[in-house]
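Whenever a hint applies, use it, and build me the whole structure from the sequences.
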Amino acid sequence: MIRPGLSRRSFLQASLATGGGLLISRMLTVAPGPGKAAAAAITAPGSFEPVPFVRIGPDGTIVLIVAKTELGQGVRTALPAILAEELEADWRTVRIEQADYDGSDRFGSQQTGGSNSVSSAWEQSRRAGALARELLIAAAAAAWDVDAGSCAARNAEVVHRPSGRRMAYAELARAAASPPIVERVDVDSLSLKPAGDYRLVGKPLARVDLRDVVTGAARFGIDTAVPGMRHAVVLRPPAFGAQLVGFDDSAARKVPGVLDVFEIPAQGGATLVKGGVAILAADTWSAMRGRDAVRAEWTEPDEPESTDALSRRMRRAAGSEATLVDAAGDVDAALRGAERAVAAEYELPFLAHAPMEPLNALADARADRCILCLGTQAPEWAAAAVAQALELEAGKVLIRKPALVGGGFGRRLNPDYAVEAALISRQAGVPVKLLWTREDDVRGGIYRAACRYRMRGGLDADGAPLAWHMHLVNTPVTWTYEPQSGEPQRDEVGGGHVYYRMPNHRFDYTPVRSPVTLGWWRAVSQTHNNFAIEAFVDEMAHAAGRDPLEFRRQLLKMREPFDYDSPWGPIHVDTRRLLNVLELAARRIDWYRRREPSTGVGIACCPYAATYAAQAAEVTVENGGEVRVTRMVCAFDCGRIVNPDIVRQQIEGSIAWGLSAALFGEITLADGAVEQGNFNDYRVLRLPEMPQVNVVLVDSAEPPSGAGEPAVPPVAPAVVNAIFAATGQRVRRLPVGELTI
Amino acid sequence: MSEADEIELDVNGTARRVRSEPERPLLWVLRESLGLNGARYGCGVGQCGACTVHVDGRAVRSCMTPVGTVTGKSITTIEGLARGDTLHPVQSAWIAENVPQCGYCQPGQIMSAVALLTREPQPAEGEIEAAMRGNICRCGTYHRIRRAIRRASRELGRS
Numbered sequence: 000m001i002r003p004g005l006s007r008r009s010f011l012q013a014s015l016a017t018g019g020g021l022l023i024s025r026m027l028t029v030a031p032g033p034g035k036a037a038a039a040a041i042t043a044p045g046s047f048e049p050v051p052f053v054r055i056g057p058d059g060t061i062v063l064i065v066a067k068t069e070l071g072q073g074v075r076t077a078l079p080a081i082l083a084e085e086l087e088a089d090w091r092t093v094r095i096e097q098a099d100y101d102g103s104d105r106f107g108s109q110q111t112g113g114s115n116s117v118s119s120a121w122e123q124s125r126r127a128g129a130l131a132r133e134l135l136i137a138a139a140a141a142a143w144d145v146d147a148g149s150c151a152a153r154n155a156e157v158v159h160r161p162s163g164r165r166m167a168y169a170e171l172a173r174a175a176a177s178p179p180i181v182e183r184v185d186v187d188s189l190s191l192k193p194a195g196d197y198r199l200v201g202k203p204l205a206r207v208d209l210r211d212v213v214t215g216a217a218r219f220g221i222d223t224a225v226p227g228m229r230h231a232v233v234l235r236p237p238a239f240g241a242q243l244v245g246f247d248d249s250a251a252r253k254v255p256g257v258l259d260v261f262e263i264p265a266q267g268g269a270t271l272v273k274g275g276v277a278i279l280a281a282d283t284w285s286a287m288r289g290r291d292a293v294r295a296e297w298t299e300p301d302e303p304e305s306t307d308a309l310s311r312r313m314r315r316a317a318g319s320e321a322t323l324v325d326a327a328g329d330v331d332a333a334l335r336g337a338e339r340a341v342a343a344e345y346e347l348p349f350l351a352h353a354p355m356e357p358l359n360a361l362a363d364a365r366a367d368r369c370i371l372c373l374g375t376q377a378p379e380w381a382a383a384a385v386a387q388a389l390e391l392e393a394g395k396v397l398i399r400k401p402a403l404v405g406g407g408f409g410r411r412l413n414p415d416y417a418v419e420a421a422l423i424s425r426q427a428g429v430p431v432k433l434l435w436t437r438e439d440d441v442r443g444g445i446y447r448a449a450c451r452y453r454m455r456g457g458l459d460a461d462g463a464p465l466a467w468h469m470h471l472v473n474t475p476v477t478w479t480y481e482p483q484s485g486e487p488q489r490d491e492v493g494g495g496h497v498y499y500r501m502p503n504h505r506f507d508y509t510p511v512r513s514p515v516t517l518g519w520w521r522a523v524s525q526t527h528n529n530f531a532i533e534a535f536v537d538e539m540a541h542a543a544g545r546d547p548l549e550f551r552r553q554l555l556k557m558r559e560p561f562d563y564d565s566p567w568g569p570i571h572v573d574t575r576r577l578l579n580v581l582e583l584a585a586r587r588i589d590w591y592r593r594r595e596p597s598t599g600v601g602i603a604c605c606p607y608a609a610t611y612a613a614q615a616a617e618v619t620v621e622n623g624g625e626v627r628v629t630r631m632v633c634a635f636d637c638g639r640i641v642n643p644d645i646v647r648q649q650i651e652g653s654i655a656w657g658l659s660a661a662l663f664g665e666i667t668l669a670d671g672a673v674e675q676g677n678f679n680d681y682r683v684l685r686l687p688e689m690p691q692v693n694v695v696l697v698d699s700a701e702p703p704s705g706a707g708e709p710a711v712p713p714v715a716p717a718v719v720n721a722i723f724a725a726t727g728q729r730v731r732r733l734p735v736g737e738l739t740i
Numbered sequence: 000m001s002e003a004d005e006i007e008l009d010v011n012g013t014a015r016r017v018r019s020e021p022e023r024p025l026l027w028v029l030r031e032s033l034g035l036n037g038a039r040y041g042c043g044v045g046q047c048g049a050c051t052v053h054v055d056g057r058a059v060r061s062c063m064t065p066v067g068t069v070t071g072k073s074i075t076t077i078e079g080l081a082r083g084d085t086l087h088p089v090q091s092a093w094i095a096e097n098v099p100q101c102g103y104c105q106p107g108q109i110m111s112a113v114a115l116l117t118r119e120p121q122p123a124e125g126e127i128e129a130a131m132r133g134n135i136c137r138c139g140t141y142h143r144i145r146r147a148i149r150r151a152s153r154e155l156g157r158s
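One line per chain: the protein sequences are W and L, in this order.
Heads up: the first sequence begins at 0 in numbering that gives the first Met the number 0, then just goes up one per residue.
Heads up: the second sequence begins at 0 in numbering that gives the first Met the number 0, then just goes up one per residue.
In silico contact screen, one side only, chain L against chain W (beta carbon under 7 Å); selected entries:
no.: 1; residue: W27
no.: 2; residue: E31
no.: 3; residue: N36
no.: 4; residue: G37
no.: 5; residue: G41
no.: 6; residue: C47
no.: 7; residue: I77
no.: 8; residue: E78
no.: 9; residue: Q90
no.: 10; residue: Q105
no.: 11; residue: E128
no.: 12; residue: R137
no.: 13; residue: Y141
For lysine to any residue, the following SDA-like pairs were computed, each having C-alpha atoms within a straight-line distance of at most 20 Å:
no.: 14; chain 1: W; residue 1: K202; chain 2: L; residue 2: E96
no.: 15; chain 1: W; residue 1: K253; chain 2: L; residue 2: E22
no.: 16; chain 1: W; residue 1: K253; chain 2: L; residue 2: R18
Label pairs and their in silico Cβ distance ranges:
no.: 17; chain 1: W; residue 1: A669; chain 2: L; residue 2: V44; range: 19 to 27 Å
no.: 18; chain 1: L; residue 1: G67; chain 2: W; residue 2: V244; range: 35 to 43 Å
no.: 19; chain 1: W; residue 1: R294; chain 2: L; residue 2: T68; range: 28 to 36 Å
no.: 20; chain 1: W; residue 1: R91; chain 2: L; residue 2: G125; range: 38 to 46 Å
no.: 21; chain 1: L; residue 1: R149; chain 2: W; residue 2: R594; range: 25 to 33 Å
These are computed hints drawn from the structure, not numbers from a lab.
Note that CB positions come from ideal geometry on N, CA and C, so glycine has one too.
And the structure:
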């Protein structure tokens with residue numbers, strides 16, 4: 000336990016290994032030693048840092064530090080709220096800062112993605128806050144020379160209950176001249192607030208940056224400037240697999256503002272820097288104009304990729320040999336014996352992320368170190384990649400994160416743009432802000448893969464499913480980073496284990512090669528696997544003459560919650576929580592109400608990241624085949640909710656994201672090159688196309704689970720299922736676009 | 000391609016002088032010559048609206064507006080919308096409805112909304128859609144943008 004002491008030395012060592020297996024190895028370690036001031040939590044005169052996430056400055060301001068990147072998913076508000084709850088900070092006056100990444104792991108993992116920020120921070124931040132609170136209490140008790148057990152913390156003050164003496168946290172930084180002696184702290188034994196006492200967690204706290212955003216004061220990476228900074232863009236390979244032969248920069252160098260033009264060689268390995276010609280200029284527009292004036296020659300790829308060629312290869316592969324992913328029973332025998340057979344093939348396109356803030360990185364590469372300002376979802380990977388590219392020691396790369404990043408969605412996991420900026424800065428000898436133009440972004444690859452599914456199902460005489468066979472063909476994400484990987488299916492099969500009761504089922508996978516580079520797109524493989532499951536179970540329901548909701552209900556009721564093995568470890572599916580959101584969505588959209596002709600409702604559900612989501616869509620198809628999604632209802636169970644308004648925003652956003660992809664999103668290739676280039680031809684959802692949205696949040700005391708991605712996958716299948724209900728027409732190829740009636 | 004020249008601009012009520020070619024898009028002059036970063040680059044071709052500012056009260060895409068065409072006109076950026084500490088009703092409505100997620104496109108959204116409400120303080124749904132269809136949001140805040148515009152419209156109707 001923590002108790003005040005008389006010695007000037009202080010020693011604290013805490014480890015935060017918890018039963019959940021979450022992050023943080025050490026919070027704070029200070030070795031005692033003769034003459035060493037007890038710097039337990041004193042980092043500067045008058046400054047008090049009880050844990051890495053909390054700093055109380057000499058002026059009394061309490062700063063909470065966020066180690067995850069704010070991409071719009073609300074971590075800058077939600078994570079500090081968890082911390083502040085246990086810390087008993089005054090939410091109205093705290094300041095929020097982003098943690099830099101300097102190579103240390105004192106904040107735990109800073110990688111932001113997989114919908115795991117709140118769920119991983121839940122244990123970490125509560126314990127960090129509680130630990131900081133106990134240290135502050137101990138510091139006050141030491142200052143008053145009383146027993147810490149007679150003190151309590153509330154709303155940024157420590158109170159000595161018997162006497163009523165109070166000391167604000169702000170004063171403790173000044174008062175804590177002799178910090179408390181603490182013995183080894185068992186962090187699991189820290190007392191945590193009961194949920195009934197929460198004043199911040201579970202409340203729809205306003206986002207901390209609202210005023211800055213609406214006044215234009217907010218600073219994104221693209222807004223950052225440092226003295227002596229230059230701007231750069233890169234002339235990039237026009238086709239996948241094309242390489243630079245040579246270039247003529249004579250015209251480019253005559254463009255006012257252009258300072259230099261030089262090659263950036265392709266980097267091998269997983270960084271995916273494809274090389275090209277860097278144009279360095281005094282400002283962005285001059286760099287862009289300089290780029291337009293460069294004449295470059297590229298090799299022709301050996302086999303220029305095209306959508307047609309890839310589709311043909313995938314179609315052939317769908318009928319060929321496959322790797323078994325999982326199976327139960329005997330699907331082939333069951334299909335032979337089935338009363339009624341159902342078959343379908345689905346085609347899904349490449350999808351780009353297109354975050355509103357185009358990729359950019361500010362790098363200052365010196366001889367022995369590199370400092371970056373980088374909007375990244377994976378600072379650890381970026382730092383390692385930059386260190387390797389510049390041949391620096393690990394730990395010599397510092398990543399500063401802008402407070403806000405204009406969308407990640409998985410694209411900002413990759414270190415490619417950081418490495419490019421670092422290489423250009425190294426060559427130029429000055430800090431360089433590299434910008435990817437929107438065309439670079441739309442054409443540059445790192446897509447969600449194009450996929451093909453061959454589905455077969457069998458029903459018995461009563462219309463009950465006997466057999467389910469799902470065969471996925473695509474280019475695996477893994478081969479972009481490990482071309483020789485023998486386990487290409489690893490990143491492709493998530494969410495593909497059918498959660499409906501199917502007595503005989505099989506999931507097969509066949510990879511095909513393609514030079515198109517791939518990455519992680521919001522909700523990753525669930526976006527295609529959940530589509531296949533939810534579209535095909537709908538087809539089976541209709542083939543059985545059954546209502547699609549009732550068909551699903553029965554199949555979920557017949558299956559107890561279960562675990563299955565995935566490449567990432569065992570996954571638990573709670574079929575009761577899944578059924579619950581299905582029912583809630585159906586009820587909210589008034590599933591059984593008869594709609595006018597040409598209007599239908601469709602439904603889909605999805606388990607992902609320990610969260611359960613259901614989407615119901617109401618769609619009207621106009622005379623010309625124009626598909627209008629008029630309403631979406633999402634029922635969502637993500638366990639205990641830290642900020643319900645932020646969760647609602649994530650669901651609203653997931654609906655817009657999912658509809659963009661379902662209705663319009665498509666990257667196509669011809670002659671090795673991407674045919675789209677900007678928002679005029681890579682179409683995304685706009686305000687008039689946003690339907691009415693209703694969100695039903697499940698009130699749960701389960702541990703917090705993901706909210707950033709799980710509502711995305713069921714959007715597309717709900718829409719195609721609704722189109723079928725409206726028209727009797729099955730859409731088996733995305734994007735939906737316009738129907739031919 | 001013409002030469003850079005001294006250009007005088009009226010930005011947020013203040014006379015500013017910059018050196019630029021007349022063809023340079025206003026967006027880059029605002030961001031890199033004047034340090035006004037609220038107008039943002041999202042596409043460069045007038046498709047996304049992140050660069051939206053006002054020229055003589057009308058919403059324009061500054062990425063498609065050569066700076067030479069706006070001398071002698073009144074330019075307003077997001078930074079010029081508030082009066083000191085007093086936010087514009089649209090900015091207040093944006094905060095009340097918790098509109099932003101990542102926040103990148105929001106200044107452009109707000110500038111388009113302000114131009115709409117200045118022109119038509121009580122817009123019909125179709126007018127809101129027409130005015131806002133040029134502003135893309137990849138975080139999907141459209142739902143709340145509609146609510147914030149209606150909220151601001153009610154506020155303006157009261158005053």
